[in-house]
Structures are given as C-alpha cells and as structure tokens.
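Use the sequences and the hints to build the structure in full.
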Amino acid sequence: MIVDCAHYRGGVRQHEGAMSPEEASSRVGDAQHDFVWIGLHDPTDEEMVRIAELFNLHELAVEDAEHAHQRPKLEDYDDSFFIVLKTAHYHDETETVHFGEIDLFVGPGYLVSVRHGVGTGLRGARLRLEERPDLLKQGPAAVVWAIVDQVVDDYLPVTEGIDDDIEEVEQAVFDEESEPTERIYFLKREVIEFHRAVWPLLAPLDRIESGGITAVDAEMTRYFRDVGDHARRIDETVNSQRELLTSVLEANLALVSVGQNEVVKQISSWAAIIAVPTFIASVYGMNFEHMPELHQRIGYPVALLAMAVSVVVLSLFFRRLGWI
Amino acid sequence: MIVDCAHYRGGVRQHEGAMSPEEASSRVGDAQHDFVWIGLHDPTDEEMVRIAELFNLHELAVEDAEHAHQRPKLEDYDDSFFIVLKTAHYHDETETVHFGEIDLFVGPGYLVSVRHGVGTGLRGARLRLEERPDLLKQGPAAVVWAIVDQVVDDYLPVTEGIDDDIEEVEQAVFDEESEPTERIYFLKREVIEFHRAVWPLLAPLDRIESGGITAVDAEMTRYFRDVGDHARRIDETVNSQRELLTSVLEANLALVSVGQNEVVKQISSWAAIIAVPTFIASVYGMNFEHMPELHQRIGYPVALLAMAVSVVVLSLFFRRLGWI
Amino acid sequence: MIVDCAHYRGGVRQHEGAMSPEEASSRVGDAQHDFVWIGLHDPTDEEMVRIAELFNLHELAVEDAEHAHQRPKLEDYDDSFFIVLKTAHYHDETETVHFGEIDLFVGPGYLVSVRHGVGTGLRGARLRLEERPDLLKQGPAAVVWAIVDQVVDDYLPVTEGIDDDIEEVEQAVFDEESEPTERIYFLKREVIEFHRAVWPLLAPLDRIESGGITAVDAEMTRYFRDVGDHARRIDETVNSQRELLTSVLEANLALVSVGQNEVVKQISSWAAIIAVPTFIASVYGMNFEHMPELHQRIGYPVALLAMAVSVVVLSLFFRRLGWI
Amino acid sequence: MIVDCAHYRGGVRQHEGAMSPEEASSRVGDAQHDFVWIGLHDPTDEEMVRIAELFNLHELAVEDAEHAHQRPKLEDYDDSFFIVLKTAHYHDETETVHFGEIDLFVGPGYLVSVRHGVGTGLRGARLRLEERPDLLKQGPAAVVWAIVDQVVDDYLPVTEGIDDDIEEVEQAVFDEESEPTERIYFLKREVIEFHRAVWPLLAPLDRIESGGITAVDAEMTRYFRDVGDHARRIDETVNSQRELLTSVLEANLALVSVGQNEVVKQISSWAAIIAVPTFIASVYGMNFEHMPELHQRIGYPVALLAMAVSVVVLSLFFRRLGWI
Amino acid sequence: MIVDCAHYRGGVRQHEGAMSPEEASSRVGDAQHDFVWIGLHDPTDEEMVRIAELFNLHELAVEDAEHAHQRPKLEDYDDSFFIVLKTAHYHDETETVHFGEIDLFVGPGYLVSVRHGVGTGLRGARLRLEERPDLLKQGPAAVVWAIVDQVVDDYLPVTEGIDDDIEEVEQAVFDEESEPTERIYFLKREVIEFHRAVWPLLAPLDRIESGGITAVDAEMTRYFRDVGDHARRIDETVNSQRELLTSVLEANLALVSVGQNEVVKQISSWAAIIAVPTFIASVYGMNFEHMPELHQRIGYPVALLAMAVSVVVLSLFFRRLGWI
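Residue numbers (our numbering), protein chains in the order written: chain A, 1 to 324; chain B, 1 to 324; chain C, 1 to 324; chain D, 1 to 324; chain E, 1 to 324.
Check the hints yourself; a few may be wrong.
[To be verified] DSBU-like, lysine-lysine: derived pairs with alpha carbons at most 35 angstroms apart:
#: 1; chain 1: A; residue 1: Lys-265; chain 2: C; residue 2: Lys-265
#: 2; chain 1: B; residue 1: Lys-265; chain 2: D; residue 2: Lys-265
#: 3; chain 1: A; residue 1: Lys-265; chain 2: D; residue 2: Lys-137
#: 4; chain 1: A; residue 1: Lys-265; chain 2: B; residue 2: Lys-265
#: 5; chain 1: C; residue 1: Lys-265; chain 2: D; residue 2: Lys-265
#: 6; chain 1: B; residue 1: Lys-265; chain 2: C; residue 2: Lys-265
[To be verified] Sample of chain D residues with no beta-carbon within 10 angstroms of chain E, all distances over it, derived:
#: 7; residue: Ala-6
#: 8; residue: His-91
#: 9; residue: Glu-160
#: 10; residue: Arg-232
#: 11; residue: Ala-271
[As the list claims (entries may be wrong)] Rough simulated footprint, nothing fancy, chain C against chain A, three-plus residues with beta-carbon under 8 angstroms:
#: 12; stretch: 121-128
#: 13; stretch: 256-265
#: 14; stretch: 268-280
For the record, the hints were derived by calculation from the structure and aren't laboratory data.
C-beta: ideal position from N, C-alpha, C; glycine also.
Here it is, written out as structure tokens:
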C-alpha cells in the first residue's frame with residue numbers, strides 16, 4: 001500500500017495529498033533540497049516492482065525489502081543507499097516485544113520507505129520534519145535521520161517495559177510469592193531478541209557518525225551522532241538487563257534451595273515431635289507381667305503427661321533452633 | 001565422480017551434456033566471461049590428480065580438498081583461489097545437523113567445484129545461473145557467489161529446525177512433561193558444531209565485501225555483501241540459540257529443584273496425616289490397668305472418630321498450606 | 001538555578017560574587033586564559049534557553065542537557081564541545097548508589113556546567129582551581145579537567161563502600177548467619193549500574209589522552225591521562241567486584257546444599273535413634289502366649305536397658321560419623 | 001644430546017651420519033639453499049653453550065631454551081629467529097595430555113632444533129623433507145615449516161582423544177552409570193592446558209602468513225598458511241570442547257537433581273506402603289474392651305486381608321504416578 | 001627512607017656506599033651510560049619533595065608515587081618516564097597474595113625507584129646489574145629492565161603457590177574430605193586480585209617491545225620482549241587458574257548433590273530395614289481372640305525369625321542396589 005508520496009523543495013512540501021509514484025519520479029530534482037518521499041506499507045510484489053523500476057532500485061535491495069526479516073544494515077550502491085531498521089513495540093499484557101521492519105531506499109532526489117508489519121507508522125516523523133524546514137531542506141539524509149531517530153526513540157518504552165518486568169520478577173523471587181522461573185526465562189528470551197534488533201544498528205550509525213557516508217554532511221552527522229548515542233544507551237541497557245536476568249535466575253535457584261532447607265527442617269521437627277510420644281506409648285504397650293507402672297492408678301495419667309511434656313519440650317527446642 | 005563439465009562464454013553454455021576435463025582445460029579462455037566449470041562429487045584421488053594437473057592446481061589446496069574436514073576459508077594463490085565451504089542439512093527426526101563440504105578452485109577461465117558427503121548438490125546453483133546470463137558472464141566469481149549463496153541459504157532451514165526444537169524443549173521444561181536435559185545438551189552440541197561451520201566463513205566474506213579480492217568487481221561485491229549479511233544473520237541467530245539453550249538448561253535446573261520441593265512437601269504431609277492416628281492407636285494399645293476409656297462401650301468408636309478427625313483436620317491444614 | 005558565574009583572566013577571578021550571564025557573555029575573550037564559567041544546577045527550561053542563546057550552544061546538546069539521563073560522552077561541534085559525566089554517591093544505609101549528571105558546554109572563552117540531581121557540587125573543583133592560577137590560566141580545558149577529576153575521585157568512595165558490603169556478604173555466606181542471596185543480588189545490580197556510569201567515560205578520556213582534542217594542549221593532556229588512569233582503575237575494580245559477586249552467589253548456593261546435607265544427616269540420625277527402641281517395644285507388645293521374657297521379673301528392666309543401650313550406641317555411632 | 005647434525009646443499013644432504021657441530025658451523029653457507037641443521041634433545045648446559053658460541057645465538061634465546069617451559073612464540077633478532085613450540089601427546093589410559101617443547105634457532109645458513117621432554121622426535125620431519133628436495137632447497141624456512149607442520153599435525157590425535165573421552169563422559173552422564181564429575185573436571189583441565197599450548201602459536205603463524213618475516217618467501221608463506229589453518233581449526237575444536245565440557249557438567253548437575261527426585265519419590269512410596277498396614281495393626285492392638293471385631297473368628301484374616309489390600313492398592317497407585 | 005644512591009659511568013659504580021641525593025643530582029651526566037640511581041623505600045613526603053625538586057619530577061607523577069595504590073602503567077613526559085609496577089608475594093600459610101608497589105622515575109641521567117610496602121627489595125636487581133657492565137652501560141633503561149624483570153620473576157612463585165593450592169582444593173573436592181567452598185572462593189578472590197596486578201602491565205610492555213619508547217634502543221627492546229613474554233605467560237596462567245577455580249566450584253556443587261543422593265539412599269534403606277520387622281511386631285500385637293499363631297509354642301521364635309529374615313533380605317537387597 002502506498003501510504004504517502006510527496007515532493008519537497010527547499011524544506012517545503014509542494015502539494016497537499018499524495019501524488020502518484022510516476023508523477024513523483026518525474027519530479028526528482030538535482031539539488032539536495034529538492035526530493036520526493038514515497039512511503040509504502042506492506043507493499044505487494046507488484047507495487048515493489050513498480051517503484052523499483054521508477055527509481056531504478058538495485059535488484060538485491062528490492063529482494064531484501066520484499067522478504068523482510070533482514071538484520072539492520074546500511075548498504076551503499078554508488079550514489080544510493082539501502083537501509084534496514086527493526087522497529088520494536090512492547091506489549092505489556094503478554095510481556096512480549098513485537099518487531100517490525102522499515103526498509104529505506106535513499107538516492108539523489110528520492111527516498112522510498114517500506115514498512116513491514118504492525119507498529120508505529122512514519123507519519124509522526126514526516127509531520128515533525130515538515131515543521132522543521134531547516135532540517136527538511138537538508139534532503140533525504142534528514143528524512144533518514146528523522147526515521148532512525150523515531151525508531152530508536154521507540155526502543156525506550158521497550159527497555160522501560162522490560163525494566164518494570166524485571167522489578168516484578170525480583171519481587172516474585174525475593175518475596176517467594178510465585179514461581180518466576182518461566183517468566184524470567186521468557187523475559188530473557190525477549191531481551192536476547194531485542195538485542196539482535198538494536199546491536200547490528202550500531203555499526204552503520206558509527207559509520208555515518210565518522211563521516212563514512214559523503215551524502216551526510218557535517219551538520220547532519222551531528223544529528224546522527226545524537227541518535228547513535230541513544231542507540232548505544234539502549235544497547236547498554238539491554239546488556240545490563242541480560243546480565244540482571246541471568247543473576248536473578250541464579251538468585252532464584254539459591255532461594256529455592258534455601259526454601260527446601262526450611263521445609264525439610266520444619267517437617268523433621270514435626271516428625272520428631274510425634275515420634276517421641278509414640279515411643280512412650282509403645283513402651284507401655286509391652287506385655288511384661290511385671291511392669292509396676294501398669295498397675296498403678298496414676299500410671300496412665302502420668303504416661304499421658306510424659307507424652308505432653310515431650311511434645312512441649314521438643315516444640316520449644318525446635319522453635320529455638322528456628323526450625324519451626 | 002565428475003558430475004558436470006561445461007564451457008560458458010558470454011553467459012551462455014556452449015554445449016549440451018558434460019565434456020571431458022581435458023577438452024574443458026583446452027577451452028580455458030582469456031576473457032572473464034569465457035570459462036569452464038567442472039563439478040566433482042567425492043572424487044577419487046586419481047580424479048583429483050588428473051584435474052589438478054590439467055588446471056595446475058596448487059599442491060596444498062589439492063591435499064586439503066582430498067582430505068576434506070577443513071574449516072571454511074579463502075586462500076589466494078597469485079591469480080587463483082581455493083575456497084572451502086561447509087554445507088549443513090538438518091535431520092528433523094534425529095535432531096542432528098549433517099555437515100558436508102564444498103571446495104572450490106577458482107582461476108582465470110576455470111572453476112572446479114568438489115563436493116564431499118551427502119547433502120544438496122550444486123545443480124540448483126548451476127541452473128539458476130544459466131538462467132541469468134547477465135550474472136554468468138561475470139565469470140567464475142559469479143559461480144562462486146551462486147554456490148556460496150546456495151550454501152548460506154541452506155543454513156536457514158537448519159536454524160529454523162533448531163528454533164522449533166528449542167520451542168519443544170521449552171515446552172518440555174515448563175510443562176514438566178518429560179525430562180529434557182539430554183535433549184537440551186545435544187541440541188547445544190549441534191548449535192556449537194553449526195557455529196563452527198558458519199563463523200569462519202564470515203572473515204573471507206568480509207574480505208571479498210571490502211574489495212580485498214581484485215577478481216571480484218564492484219558489482220559482484222554487492223552480491224557477496226548480500227550473502228555476507230545473510231551469513232551474519234545466521235551467525236547471530238546461532239549465538240542467540242546458544243545463549244537460549246544455556247538459559248533453558250538453567251531454568252530446567254531451577255524447576256527440578258522446585259519440583260523436588262513440591263514432592264517433599266506432599267510426602268511429608270501424608271506422613272504426618274498417617275502418624276497422628278497411629279499415635280492415637282498406640283496410646284490405646286498401652287496396658288495400664290486403669291484406663292477408664294478402655295472399659296467404656298463408646299471408647300472404641302470415639303477413638304476411631306478421633307483418628308478420622310485428625311486425618312481430616314490435617315488434610316485440610318496441608319491443603320491450605322498448598323502442600324497437597 | 002545559576003549557582004555561579006565568573007570571569008577569569010590569566011588564572012585570576014576578575015570580580016567577587018556572581019555576575020549575570022549576559023554580562024558574562026559580553027566578556028568572552030579571545031585568549032585561552034580569558035574565559036567565563038557559568039555554573040547551573042537543575043536549570044529551568046527558560047534558563048537553559050537563555051544560556052543557549054547567549055553562548056550559541058548547539059540545539060542537540062541543549063536538548064540532551066535538558067533531559068539529562070544521557071550516557072557519559074564527549075561530542076565536538078567544530079570549536080565547541082559537549083561533555084556528559086555521571087556522578088555517583090554511595091548511601092551506606094541503603095547500600096545503593098545514587099547517580100547524578102553533569103553536562104559541560106565548552107567553547108572558546110566560556111564553559112557552562114549544568115548539574116542535575118543531588119550530589120556533590122562543583123564548588124570544590126572551583127575553589128581548588130582558583131588556588132592554582134597556573135592551571136586556571138590554561139583556560140576552559142583546565143576547568144573540564146578539574147571537574148572530571150572531582151567526578152572520578154568521587155567514584156572511589158563508591159567502590160570502597162561496595163567493597164565493604166562484599167566483605168560483609170562474604171561473612172554472611174561463610175559464617176552462615178543470615179541468608180544473603182537477596183543482598184548479593186542487589187549489590188550486583190548496583191555494580192552493573194555503576195559500571196554503566198564509569199565505562200562509557202573511558203573512550204572520551206582515551207581520545208583526549210591521545211591528543212584527539214586540539215583544544216587540550218600537551219601539558220593538560222597529562223592531567224587528563226592521570227584522571228583516565230584513575231577511571232580505568234575504578235572500572236577494573238568494578239569488573240572485579242562483578243566477578244566476585246557472581247562467585248559469592250555460587251559459593252552461597254554450594255553452601256546451602258552442604259547445609260541441607262548436614263540437616264538431612266542430623267535428622268536421619270535422630271530418626272534412627274528413636275526407631276530402634278520403638279521396635280524393641282513393639283516386639284514385647286506382641287501377644288504370643290509363649291514369650292518367656294514376658295513372665296520374668298527382670299524382663300521389663302532388661303527391655304528398658306536394651307532400649308537405652310540402643311540409643312547410646314546409635315548416638316555414639318552417628319557422632320563418630322559426624323552426622324550429629 | 002646431539003641427535004643429528006647435517007649439511008644440506010640444493011636440497012640434498014651432503015653426507016651420511018652426523019657431523020660435529022664445529023664441522024657444521026664451518027660449513028655454514030651464503031646461499032639460502034646451503035645450510036646445516038643440528039638437532040638436540042634435552043641438551044646439557046655445556047652442549048647449549050657450545051652450540052650458542054658456534055652459531056652466535058642470542059643470550060636471551062639460549063637462556064629460554066635451557067629453561068624450557070616457555071610459551072609458544074616467535075622472536076626475531078635482526079637476521080635470526082627464535083621459535084618456541086609446544087608439542088602435545090595424548091595418553092589414552094590416563095586421559096592426560098603430555099606436553100613437550102621444541103625450540104628453534106634459525107639464522108642464515110643454520111637451524112638448531114632443541115627438543116625437550118619425551119614425545120615424538122623430529123626424525124619424521126627430517127626424513128619427509130629429505131624426500132622433498134624442492135622444499136628443502138628453500139633453506140631453513142622449509143625446515144621450520146616441516147617442524148611446525150608436524151607439531152600441529154600431532155595436535156590432531158590429542159583433540160580426537162579428548163573427543164572420544166567427551167563422548168564417554170556424555171554416555172556416563174546420560175546413562176547414569178557412573179559418577180562422571182571428577183572425570184569431566186580433569187578433562188576440562190586438560191583442555192584448558194592444551195588451549196594454552198595451541199593458542200599463543202596463532203599470532204606468530206599469522207605474522208608469517210601476512211608476510212611479516214622476510215626470510216620466508218611468498219611460496220613458503222603458503223605452506224605456513226596451510227599449517228596456520230590447521231592450528232586455527234585445532235584451536236576452534238579446543239574451544240568447542242571447553243564449552244561442551246562446561247555444558248555436560250551443567251547437564252550432569254541437572255540429572256543428579258532429577259535422580260534425587262526419583263529416589264525421594266520411590267522411598268516415600270515405600271514408606272507409605274508400609275505405614276498404612278502398620279497403622280491398621282496398631283488399631284487392632286488397642287485394648288478397648290468393646291471392640292467387636294476382636295471377638296470374631298474372621299477378624300484376624302480380614303485384618304490381614306485389609307493390610308494386603310492396602311499394600312496392593314498403594315503400590316498400584318504409586319506405580320501409576322510413576323513414582324516406583 | 002633513602003636505601004641507596006649511586007653514580008654509574010660506563011657500567012661501573014663510581015664509589016662505595018650511598019651518596020646524598022644532592023651530590024647525585026649534581027653528577028647527572030649527558031651520556032646514556034652516565035647516570036645516578038636513587039632507591040627510596042616508603043619515603044616520607046619531605047623526602048619525595050626533596051627528590052622531586054632535585055630531579056624536576058612532574059607534579060602528577062610525584063603525587064601518584066606518594067599515594068601509591070596506582071595501577072601498573074607507563075607514562076611519558078617528553079624526555080622522562082613514570083612507571084608503576086605491582087609486586088606480589090605469596091604467603092603460603094594464609095594462602096594470600098601480598099601486593100607492594102614500585103614506582104620508577106626515569107629521565108636522562110637519572111633513575112629514582114620508590115618502593116612501597118614490604119616485599120622483596122631491589123638490592124638483588126642492583127647487584128645483578130653491577131655484575132653485568134655491558135648491560136649497565138645501556139643506562140637507566142637497563143635498570144628499568146632489571147627491575148621489571150625481577151618483579152615479573154617474582155610473580156612466578158605466586159602462580160606456583162596458587163597452583164599448589166588448586167591441587168589441594170581439587171583433592172578436597174574429589175576425596176570429599178573437607179568442605180572446600182570457602183577456600184575455593186578466597187583462592188579465586190586472590191587470583192582476580194593478582195590478575196589486576198599483572199594484566200595492566202602488558203600494555204606498557206607491548207609498547208616498549210614495539211619500539212614505542214625511543215629511550216629504549218633495539219638491543220634493550222629484546223630484553224624487554226623477554227620480560228613481556230614472561231608476563232604474558234603469567235597472565236595466561238592466571239586466566240587458566242581463574243577458569244579452573246570456576247570449574248572446581250561447579251564440580252564441588254555437583255558432588256555435594258551427589259553426596260546428598262547417597263545419604264538419602266542410605267538413610268532410606270535403613271528406615272525400610274527397621275520398618276518391616278516393626279510392622280511384623282505390630283501385627284502380633286493385635287488383640288484378636290482367634291490368632292492361631294499366638295497360641296503356638298513356636299509362634300514367638302518364628303516371628304523373631306521372620307523379623308531377622310526380613311532385615312537380612314532387605315539389607316542384601318539395598319546392598320545390591322548399592323544404596324548401603
């Protein structure tokens with residue numbers, strides 16, 4: 001689906017509403033500030049082919065964009081670029097991270113953005129840019145920046161959601177209310193998955209920051225450096241979360257063992273408390289003829305008393321040991 | 001066994017059926033687009049020697065190709081190259097990865113491919129190329145690309161098979177249906193093995209991508225970069241799987257301990273439930289002369305009732321504790 | 001809040017008390033030794049905008065300084081720099097590390113320091129510098145050094161506090177007085193967090209040390225190298241602490257298991273000690289007509305003696321095994 | 001002990017039997033293909049001093065060769081080189097790796113090899129070379145290659161031996177026949193030790209491969225690259241083995257816990273099976289006057305039957321639970 | 001304390017006994033072979049200031065030397081250097097590594113060594129050098145080499161001491177004589193600490209080896225390379241020890257669990273062995289009127305026999321299971 005198709009010149013949109021890609025491709029200008037931006041969402045193969053022909057996109061890049069499920073990357077083809085980004089969205093109810101993909105074809109005078117899967121659209125980035133003609137007239141590089149910036153900003157709620165879940169899991173572990181092993185494992189799985197979306201992005205951003213892409217001038221480079229710092233911060237957070245989840249799983253294992261110790265001690269105490277009076281009873285169940293206690297009136301009450309005393313003494317003893 | 005032996009010029013196969021290697025070697029041309037491709041499968045030593053002499057292959061490379069069991073690598077000998085690739089195929093029934101090897105000798109005007117072990121042949125790559133004369137006329141470099149591309153594409157079903165197995169193992173761990181330790185271990189073993197097939201391939205691909213091989217021109221380099229990205233994605237997937245399997249083993253250990261706690265609690269509850277009425281019985285088994293209860297009609301039923309009550313009370317108590 | 005605003009020339013403060021930022025900006029000099037230093041603490045957005053306009057600070061840097069929660073970094077904008085530092089303060093009672101942030105805008109003739117959150121102020125660094133005119137006349141670079149030096153020096157009490165806690169935790173683990181799992185986990189969490197404050201600082205310091213910043217001359221570089229060494233030492237300490245905490249958690253797990261073994265042995269010994277006399281009693285509780293012992297006067301005392309002997313023998317036996 | 005001392009010219013040994021080192025040193029030629037090779041085995045200090053003086057070996061290298069226990073390395077002294085190699089031999093009975101050391105002094109026109117400890121000699125490498133005059137006339141570099149090649153080839157049986165042991169250990173773990181913890185640990189210890197012999201060799205080999213040693217010409221470089229690939233493969237194998245042994249230890253721990261669960265369940269089942277009939281017996285051991293069952297002929301057989309039934313029912317119940 | 005203060009020219013000490021630092025500073029020569037060496041041990045601040053003024057040492061280096069507790073490093077100040085080394089000494093009784101520090105100020109014509117803490121002095125290095133005029137006349141670089149060499153040589157007994165302890169710990173783990181968890185932990189702590197003393201030394205040594213310090217000529221570089229190799233070997237040993245201690249802790253944990261299994265099996269066997277005869281006794285303790293066995297003379301001995309047989313049979317059974 002073609003979401004929007006616009007022509008910008010000198011930082012200003014040249015018309016209202018979307019135009020046709022053919023119209024757009026005919027308007028591709030020479031100057032940096034004069035370009036068209038076509039936004040696609042889950043395009044059909046026909047749409048991709050049509051756009052690829054109009055803008056002469058490279059066969060390999062088009063193939064990647066059709067199949068999606070690429071890793072984040074930046075590929076340069078002489079005077080054009082192909083950029084893959086992973087978007088992430090955190091579903092709090094299911095504690096899962098949903099991933100989408102944005103592919104960008106950038107060349108002189110045009111930018112084609114292809115969005116795959118649900119998730120935040122690029123409309124926000126487009127509107128934000130249209131309000132900043134000073135940036136927008138930097139040409140497609142500014143659009144790339146705005147999109148990467150939005151994608152990376154959208155990572156923040158994901159790390160925050162995971163942070164909240166880690167805190168809940170810590171509480172579950174240390175208050176021993178519920179068994180958090182499964183939850184910890186699947187959180188870690190999410191974090192590993194998320195790391196794979198963020199981490200490969202750092203190398204292309206490094207390359208842009210260090211001036212490796214001539215199409216990005218010094219001033220735009222600073223904007224990319226700013227995004228790069230945010231991405232690095234996200235990546236460091238993700239690494240910390242991974243380490244924390246490993247530690248919390250270990251802590252949980254230790255506490256399960258400690259809990260088992262408690263249970264064993266408690267049970268054993270009660271077993272001892274019942275075993276002693278049972279023993280006393282079996283003594284007086286012996287059939288010896290000459291057991292003087294058996295013939296005394298006071299024998300039975302004394303035996304019962306002895307049993308009661310043994311229970312009390314043992315209970316106190318184990319309570320002092322802290323076993324019950 | 002010589003599988004196929006063909007002469008290509010300008011991207012077009014010059015004849016039907018295979019020719020003899022001697023015929024092929026006599027046709028080795030000067031121009032990039034004019035070359036022969038000989039495909040061998042598990043060749044005998046005699047075949048290797050024959051081919052080596054015809055194309056003047058380097059002694060060390062030939063030795064490696066005869067012995068197989070090399071690590072993936074790219075070696076250059078002045079104007080020719082020796083490339084080792086590991087093929088992987090996933091057997092779902094046994095949950096094992098089967099490895100094969102493809103060795104490529106590439107020089108001006110010729111390419112010799114040597115395939116070891118079972119596994120996908122190169123016929124697919126050959127047919128695909130023959131349909132793309134624009135690529136095929138790039139010469140042997142295009143053939144190398146097509147083969148590497150096929151090998152790396154064949155890694156994908158392997159990672160997917162392992163992904164499926166990991167999901168089954170997770171289910172086994174968290175539903176506690178079966179004991180998955182052995183399965184987890186052997187899955188991890190497969191993943192470690194697979195990593196060794198994929199990882200060493202990244203360095204040669206990096207070298208080609210960065211233009212280190214002059215025989216690969218700028219356009220072909222892009223095709224290799226595309227393969228390289230897929231290989232890196234496979235490698236990142238493999239690393240995630242390794243980490244997941246480590247985590248799932250730890251989670252399993254925690255759950256085994258938790259399960260043991262449950263068992264101990266359950267058992268202890270039942271022991272307590274039987275110990276109390278047994279104690280009551282032993283009290284009335286005592287032989288004191290003066291035990292008034294013994295002489296009352298109602299004594300026995302009351303004792304039985306006391307036993308029953310103790311069983312019910314204890315059962316409720318442990319049920320409330322969540323122990324049974 | 002504007003904390004101080006001073007004009008320095010030739011290493012000497014040119015006036016007492018703070019001046020207005022407007023006054024300060026009008027005094028910005030040409031020479032390295034002639035500069036103004038404005039100190040802000042938790043500034044309002046209006047204050048930041050006012051300062052940004054006066055000194056022509058870069059939009060992105062100002063945005064970062066307003067939002068705080070950046071990672072330590074050094075960004076250069078042609079002739080000016082933006083530096084982010086994380087301050088750390090250890091609260092001993094709660095065993096937590098509290099983090100603050102200092103952002104520095106450095107340009108020719110001015111330095112703006114923005115402090116976020118509670119924590120040590122920069123007054124100490126300012127006074128220390130004012131007593132060292134030889135350093136102060138090196139210009140803003142000397143101020144940056146003094147601030148970084150103070151921030152890194154303030155890391156030391158944090159690592160020392162954590163070291164003390166690790167020692168307490170070790171004692172808890174090996175004296176088995178209390179259950180330290182939770183404490184170990186949260187200490188590790190602090191250490192991971194602290195690592196994230198210190199580690200990203202090393203790269204910018206390396207860059208200054210290796211002469212990557214022309215505004216810092218060779219002599220100042222040595223001062224930064226000294227700070228860099230301290231920061232690296234802190235980072236190595238933090239890494240050791242992380243490893244120690246991992247090990248102590250593992251040691252704790254082993255000791256919990258060992259403790260469980262002890263408990264099981266002890267309990268089982270007592271169970272055996274009571275089971276044997278109970279068995280003896282049940283033997284003489286049998287109702288056979290012809291049990292000669294039952295009819296002998298000495299039967300009962302002998303039975304009691306046998307029970308006592310069995311208890312003593314078993315007790316000695318288990319004591320020798322070291323089980324009780 | 002001087003094992004052999006030979007003079008080679010143009011790839012051909014110039015005499016039968018060994019000559020004296022003095023004779024050899026006097027024959028040191030100018031041309032690359034004209035050199036002497038002296039082989040020592042566990043030389044006395046006097047022998048080392050004598051050789052050192054004859055060939056003007058560097059004091060530090062000689063000291064290292066006398067003390068042995070160096071790490072693998074390549075040191076260059078202007079026109080001569082000192083190389084240290086670790087040999088490894090696997091003793092299958094004891095599952096231990098025995099290490100030896102070979103030190104090589106290489107200069108223009110001479111090569112002194114010093115072998116320490118038991119283990120394969122260099123005779124094989126010498127004979128192999130003497131059959132390959134084309135290589136041998138490349139001079140001492142060819143001899144170095146032949147020795148390194150043999151040393152690295154001898155690593156292969158070590159990794160294979162360890163592979164076999166790992167398979168045995170896996171069987172022990174998963175068939176739960178024997179307790180493999182100690183064996184796993186000492187295998188891991190061997191692997192760590194072996195890694196230390198192989199790993200430091202990679203850097204010198206890399207240096208030779210990349211042409212860092214001018215005494216090794218382009219053709220010989222290929223031979224070293226071949227050895228380097230084998231060494232890298234060994235190193236990757238060793239790393240996999242290390243990881244496998246870590247995993248198998250973890251798997252073993254999990255299975256020990258699982259086994260404990262089984263034992264606890266089994267034991268508890270039997271305890272319950274005996275507790276219920278014991279309880280029945282104690283009920284009828286009560287001394288109430290009015291227990292109608294006691295006076296009926298059928299009482300006793302019914303009680304015994306009830307006991308038998310309880311045993312059977314409980315047995316079936318626990319068998320269905322899978323506990324016994 | 002000033003330990004020694006000597007003037008060397010052409011590799012020969014120019015006088016007996018120590019001279020005053022003032023005298024020494026006045027003798028500082030131009031030529032490399034003409035220098036003074038002042039050795040301090042735990043100097044007072046006054047002594048440091050006096051020396052710093054005489055030799056014009058850099059403020060920052062002097063501050064570091066006064067505070068000690070620096071990390072190993074090499075700092076160059078134009079024509080002079082500041083070097084920090086960590087000395088290590090192993091106390092076998094307490095199994096602890098004691099660390100000291102040596103700071104070296106090296107400039108043209110002088111070397112000031114400052115030793116902190118107990119531990120081996122530098123007298124050995126001084127005497128060894130005085131016997132080697134050929135080295136000593138290389139100037140202060142030779143002295144630096146001799147000191148670094150001694151410091152690194154002194155690391156060897158530390159690693160050997162730790163190796164011995166690891167072997168003892170292994171024995172404790174696998175012979176299950178004592179509980180080694182605490183000892184393993186504190187050994188690991190020592191190893192981590194030791195790593196921090198050795199590891200940072202490698203970077204400065206690398207820098208000297210690669211010729212980064214012009215004051216060290218090619219010949220001296222070889223001597224430093226030799227020390228560097230020893231330091232690297234120590235560092236690799238330390239890393240192995242760290243890994244071994246991690247593994248031995250894991251092995252210990254596994255064996256503790258295995259031991260628990262053994263105990264549980266043994267205990268359960270004995271419980272069963274006593275439970276069965278107790279059950280038999282309670283059967284004949286029942287009060288049924290019609291229990292024919294009770295009235296037969298042979299009843300009691302048969303019952304006792306049945307008990308004895310059950311004990312023997314069960315004992316044999318559990319012995320065959322390997323539980324007792």
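- Starting from Lys-265 of chain A, check that the Cα of Lys-137 of chain D is at most 35 angstroms away, please. Since the Cα atoms of Lys-265 of chain A and Lys-137 of chain D sit roughly 80 angstroms apart, the hinted pair is violated (cutoff 35 angstroms).
- Item | Least C-beta distance between Glu-160 of chain D and chain E, which was stated to exceed 10 angstroms | Holds: least Cβ distance 22 angstroms, greater than 10 angstroms.
- Ala-6 of chain D and chain E, when compared Cβ to Cβ, separated by more than 10 angstroms: Check passes; 30 angstroms lies beyond 10 angstroms.
- Message: Can you confirm whether the C-alpha distance between Lys-265 of chain C and Lys-265 of chain D stays at or below 35 angstroms?
- Response: Holds: Lys-265 of chain C and Lys-265 of chain D sit about 18 angstroms apart, inside 35 angstroms.
- Under the criterion that the straight-line Cα-Cα distance not exceed 35 angstroms, is the pair Lys-265 of chain B, Lys-265 of chain D satisfied? holds (11 angstroms)
- Outcome, coverage of the stretch 256-265 of chain A by chain C - at least 3 residues whose beta-carbon is closer than 8 angstroms to one in that chain: holds (count 6)
- Cβ separation check - Arg-232 of chain D to all of chain E, threshold 10 angstroms: Nearest chain E Cβ is 18 angstroms from Arg-232 of chain D, so the label holds.
- Query: Does the claim that Ala-271 of chain D lies outside the interface with chain E hold up, using a Cβ gap greater than 10 angstroms?
  - Reply: Incorrect as stated: the minimum Cβ-Cβ distance to chain E is 7 angstroms, not above 10 angstroms.
- Message: Does Lys-265 of chain B sit within 35 angstroms of Lys-265 of chain A, going by the straight-line distance between their CA atoms?
- Response: The hint holds at about 11 angstroms.
- Task: For the pair we were handed, Lys-265 of chain B and Lys-265 of chain C, check the Cα-Cα distance against 35 angstroms.
- Result: holds (18 angstroms)
- Item | Cβ contact check, 8 angstroms cutoff: the stretch 268-280 of chain A against chain C, three residues minimum | holds (count 7)
- Task: Just double-check His-91 of chain D for me: nearest Cβ-Cβ distance to chain E has to come out over 10 angstroms.
- Result: With a cut-off of 10 angstroms, His-91 of chain D remains clear of chain E, as the shortest Cβ separation is near 19 angstroms.
In the structure shown, a violation is registered for the earlier hints numbered 3, 11, 12, in ascending order.
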